[in-house]
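As given, the protein sequences belong to chains A and B, one line each in that order. Counting from 1, one number per residue, gives the positions in the first sequence under the working numbering. Counting from 1, one number per residue, gives the positions in the second sequence under the working numbering.
Don't read these hints as lab results, they were simulated from the structure. The reader is advised that the hints may include incorrect statements.
[Said to hold, decoys possible] With a Cα cut of at most 25 Å, we get these calculated DSS-like pairs of lysine-lysine:
no.	chain 1	residue 1	chain 2	residue 2
1	B	Lys176	A	Lys106
2	A	Lys106	B	Lys173
3	B	Lys158	A	Lys107
For clarity, every value in this text was computed on a predicted model and none was experimentally measured.
Take a look at the letters that make up each chain.
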Amino acid sequence: MKLVAVLVVTLLLFYLVRRKLLHVDFSLPWLLAIIVLGFASLSEGFVSWVARLLGIVDPPLAVILISLFLVLGLTTFLAVALSRLRYRQISLVRHLAQMELSSQEKKIAPNHPD
Amino acid sequence: MSSEPAAKDKVLVFLPTYNDHTELLRIIREIESQGPEYRILVIDDGSTQVVEPGSLPDHVLQVRLPDNFGLGVCTHVAFDHAVRHGYRAVIRIDADGQHPVDRIPNLRRALDEGSVDLCIGARTNRNDGNDGNGFRALVSRLIRQYLSVVARMATAGKSPADINSGFMGVSLKAAKQLSRFSLERYPEPQIVVLALRNGLRVGTVPIEQAPRAVGTSTIGLSDGAALFYRFNMFIIGEFLQGRNHK
């Protein structure tokens with residue numbers, strides 16, 4: 001059942017990429033998150049090992065901690081990606097405005113060397 | 001057009017506008033009456049009320065941004081254009097009718113004399129729509145004072161008392177230098193600090209700000225909080241850098 005759940009989530013990810021609802025560049029962190037959480041759900045040994053490593057007495061709490069780190073990681077990744085897009089958008093707007101204004105400038109002062 | 005001065009002899013006066021177009025034509029006429037050396041650029045920052053293309057004189061440069069990007073991007077657009085076409089200075093004046101157009105020559109003269117690279121129209125009064133005794137007025141005053149104190153700390157006491165005035169002029173050299181940075185949504189304090197920390201000379205000319213002729217202040221409480229946060233992040237970044245950008 002756990003394996004089916006992991007497969008369904010993985011297929012959902014591929015579907016989102018295929019339908020161009022999620023860009024392939026942004027799908028990698030999600031795929032990594034699914035792999036880590038899938039591995040944690042399928043292997044109790046892995047969860048126990050992580051719990052021992054972090055000094056957590058109750059192993060299920062390690063799963064919550066792993067999930068929390070993954071959410072933080074994904075949020076950070078998305079915030080960085082959005083910020084990068086914002087800077088690119090501003091750069092593009094500045095470039096377009098320059099093209100538009102240069103064209104107007106030539107009409108107003110046609111002899112002026114650009 | 002043969003008498004048209006080359007751009008290097010001209011001063012670019014830009015008017016960022018966001019849903020405050022009603023005073024535009026009057027301000028443009030007033031700027032034109034100050035002399036032939038001014039080229040006017042209207043930057044519509046994604047207004048919901050669109051400025052009709054034919055409503056402004058043909059010789060006025062006009063660009064409409066596809067969305068509301070804020071004054072930082074408007075300033076970048078003006079600086080980019082001035083640098084590309086070699087205007088000798090850039091002056092910003094708001095489109096809400098609060099800034100005294102007849103003080104534009106004072107800014108230009110200060111820049112032409114070469115004693116300053118950035119000249120700010122320092123307000124001797126406020127009339128910014130945030131006066132009064134309400135909670136908003138109190139927060140506004142506190143934020144202004146805080147920005148002023150921090151800016152002084154960041155510039156070894158060189159920054160002027162009024163660092164929030166949007167009425168300002170910059171030389172071509174300053175426009176080139178400031179273009180390298182990413183100016184934020186309310187960029188006035190940031191511009192002053194960046195200028196001083198990059199070895200540019202900053203001066204002021206006193207102005208009286210008229211009551212707002214159109215619209216309301218775009219800075220509400222949430223915008224004030226955002227401005228406060230952005231400025232703090234910017235200043236922390238400057239202190240972490242720990243040296244001038246030169």
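Worksheet item: Hint by hint, which ones does the structure fall short of?
Response: 3
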